[in-house]
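Student: So the chains spell out like this:
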Amino acid sequence: MMRLAGLAAFALIALTIGVGAGSVALPPGEVWSGLARADAPASLIVRNLRLPRALLAFLVGGGLGVCGAALQALVRNPLADPYLLGLSGGAGLGAVLAIAARPGSGWPVPLAAFVGAMAAVVLVYRLSVVSGRRLDPRVLLLAGVVVGAFASAVMSAVIVLSDAPQLRNAFLWLLGGFTASSWQTLGLFVVYSVIPFAMLFALARSLDLLALGEETALHLGTDVERAKRLVYVAASLLTAASVATSGIIGFVGLVVPHAVRRLWSPLHVALLPASFLAGGGFLVLADTLARTVIRPLELPVGVVTALVGVPLFAVLLRRNLA
Amino acid sequence: MLSARGLTVRYPGAESPALADVDLDVLCGELVALTGPNGSGKTTLVRAILGLVKPAHGDALVDGRSARAWDRRELARAVGVVTQREEVLFPLRVREMVMMGRYAHLGALGAEREVDRVAVHDALARCDVADLADRRVDTLSGGEWQRVRVARALAQEPRALVLDEPTASLDVRHEMEIFELVRKLATSGLAALVVTHQLNLASRYAERVLLLDQGRVAALGPPLEVLTREIVSGTFRWPTTVALGHDGAPQVTPLRPGDHLAATFPTPGHGR
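Chains A and B are the protein sequences, given in the same order. Heads up: the first sequence is residues 1 to 322, going by my numbering. Heads up: the second sequence is residues 1 to 272, going by my numbering.
Simulated from the structure, these hints should not be mistaken for lab results. Just so you know, even glycine gets a beta-carbon here, dropped at the ideal spot from N, CA and C. Heads up, a few of these hints could be off.
Stated by the list, open to error - Which chain B residues stay away from chain A? Per the calculated CB distances, all over 12 Å, these: (1) Arg10; (2) Ala20; (3) Glu30; (4) His57; (5) Glu87; (6) Val88; (7) Met97; (8) Ala104; (9) Gly107; (10) His121; (11) Gly142; (12) Gly143; (13) Pro158; (14) Ser188; (15) Gly258.
To be verified - Chain B side only, calculated, beta carbon under 7 Å to chain A, not exhaustive: (16) Arg73; (17) Val81; (18) Pro91; (19) Leu92; (20) Tyr103; (21) Met176.
Unchecked claim - Ranges between beta-carbon positions, derived for each pair: (22) A:Arg319 to B:Arg65: 43 to 53 Å; (23) B:Gly6 to A:Arg138: 49 to 59 Å; (24) A:Val194 to B:Arg73: 25 to 35 Å; (25) B:Gly189 to A:Arg319: 17 to 27 Å; (26) B:Ala168 to A:Val190: 21 to 31 Å; (27) A:Leu188 to B:Glu74: 39 to 49 Å.
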């Protein structure tokens, strides 16, 4: 409980920093007064510009943390991350197709990315259901890699063959970022993600048991096939939504659950909420760095998460192995 | 408590059935040892009794109800299982691991209750691993790890225990500790089915021995009736000799081919 409160405090501090930092730097006091009172000087910046962005980054980061934790248990592989299901390839292909086909207008890129991601998810799922109705996590891993690779190949081909000038934007967009955040995007994401979040949290104990292996999970009383399907559906819905809102942001879903597991507990009742708070806080800070380091330009946030996440992870690995 | 009635299992594509017409009843308070050559159907029988394999004929019953008709949660509250292998990926502690035996008693989001903590505490104590409660499971020795897994099965508060080769790769002391523990649990009222290759321990600890051969029951009964030289040599297709141990339990010694006793090796299949 103490540690969860500590993580909640970390998340709150991250959000305050995220809202405070920018071309007009706001100290924490002004951030809070801008939130509390509509007539405060910082109110406009806080409420209209920075808060929706920070909150969206928080939710996406939290979602990636939770999905990473759940999928690592599902496929019993600590190297799993939310994109292992071929989602990233599908999303990228969807986005690039949308831009290449109707430059300028047509399908909004996020929607196309979402459809692409879900198509990849369905395909991976179909490939992984072996001998009747069994979902085999080992085949799932392979199918995810294969479908992802295929989608990337098609995407590359489309990019080479098409001369749409906006394709560079598609790339930038895929690298991840929260430039396009608004209250509207945030609202959409909140409404959409409630169900997958609730599903995954309700599956916390099943995830503990799945992580022990399917046979053991069965003997300890889990309906294994049902649990696997639910985890798969919930995690892919959530990841697809995060890809659609902010592109592909690596390392959060891999590093955060690892760190929480090592520093705190591998039990999902604790791991999932902790990964949510830690992933959310981490991504808010990463996004803050991404938009302030080379102002007025912005780094793709996926670049920052990797640049910061990899050394952190390396330190963590060495400290725990020693 | 655990029963098979004319149980026959066929795997798709296999010529002969993996199990043919097996009858068995493991009663509460009884330890039954299940043994036989590799590939004789031991694991298939266990899996069928646990509802993981669909019988072609006959049925496997748990507490009188077809094993496959049980809801997995209910079944977990009736039967505790220690499988042959289990690899732990994440750094769990012993107490957390044993608490997972309580998951079948908890709701999806329900908090651990006092009864759950008591059950875990009792299970740890009965398996003599209470002092390991805060250790990480990846730091345990093979014997400790097996006792922790038995403790987890006990935390389920089952009426039956199924153990699949619980002492494989354990040294003499740890092997004895596991058999002593399972014997104690059976005597206290659990139905225990133990798959083992340790004929001599099966002989000393089990009320009855079920010897499988090519999916069929080669023999089923008290050790003195099952572990005879003819039956054991015939089933395992290797010359053996059987003598009574100091405690009156038959003890099997496999013979070397040049051994003068080996000349009387019965023809394979004899005694079945």
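Student: So, for every hint listed, does it hold in this structure?
Tutor: How the hints compare with the structure:
1. Arg10: Holds, since 15 Å exceeds 12 Å.
2. Ala20: 24 Å, holds
3. Glu30: Label holds. Min Cβ-Cβ 21 Å, cutoff 12 Å.
4. His57: 21 Å, holds
5. Glu87: 7 Å, violated
6. Val88: Not fine: 7 Å to the nearest Cβ puts Val88 of chain B too close to chain A.
7. Met97: 8 Å, violated
8. Ala104: Violated: least Cβ distance 3 Å, not greater than 12 Å.
9. Gly107: Answer for Gly107 of chain B: violated, closest chain A Cβ roughly 9 Å.
10. His121: Consistent with the label, His121 of chain B stays out of reach of chain A, its closest Cβ about 18 Å off (over 12 Å).
11. Gly142: 17 Å, holds
12. Gly143: With a cut-off of 12 Å, Gly143 of chain B remains clear of chain A, as the shortest Cβ separation is near 19 Å.
13. Pro158: Given a closest Cβ separation of 10 Å, the condition is violated.
14. Ser188: Holds: least Cβ distance 21 Å, greater than 12 Å.
15. Gly258: At roughly 43 Å from the nearest Cβ of chain A, Gly258 of chain B sits farther out than 12 Å, so the non-interface label holds.
16. Arg73: Since chain A brings a Cβ to about 4 Å from Arg73 of chain B, closer than 7 Å, the hint holds.
17. Val81: 4 Å, holds
18. Pro91: 6 Å, holds
19. Leu92: 6 Å, holds
20. Tyr103: Since the shortest Cβ distance to chain A is 5 Å, the answer is holds.
21. Met176: 25 Å, violated
22. A:Arg319 to B:Arg65: 43 to 53 Å: 52 Å, holds
23. B:Gly6 to A:Arg138: 49 to 59 Å: Violated - the Cβ-Cβ distance for Gly6 of chain B and Arg138 of chain A, about 35 Å, lies outside 49 to 59 Å.
24. A:Val194 to B:Arg73: 25 to 35 Å: Given a distance of about 27 Å, which is inside 25 to 35 Å, the answer is holds.
25. B:Gly189 to A:Arg319: 17 to 27 Å: Between Gly189 of chain B and Arg319 of chain A, where Cβ atoms are some 48 Å apart, the hint is violated.
26. B:Ala168 to A:Val190: 21 to 31 Å: 52 Å, violated
27. A:Leu188 to B:Glu74: 39 to 49 Å: 42 Å, holds
Checked against the numbered hints given earlier, the structure breaks hints 5, 6, 7, 8, 9, 13, 21, 23, 25, 26 and satisfies all the rest.
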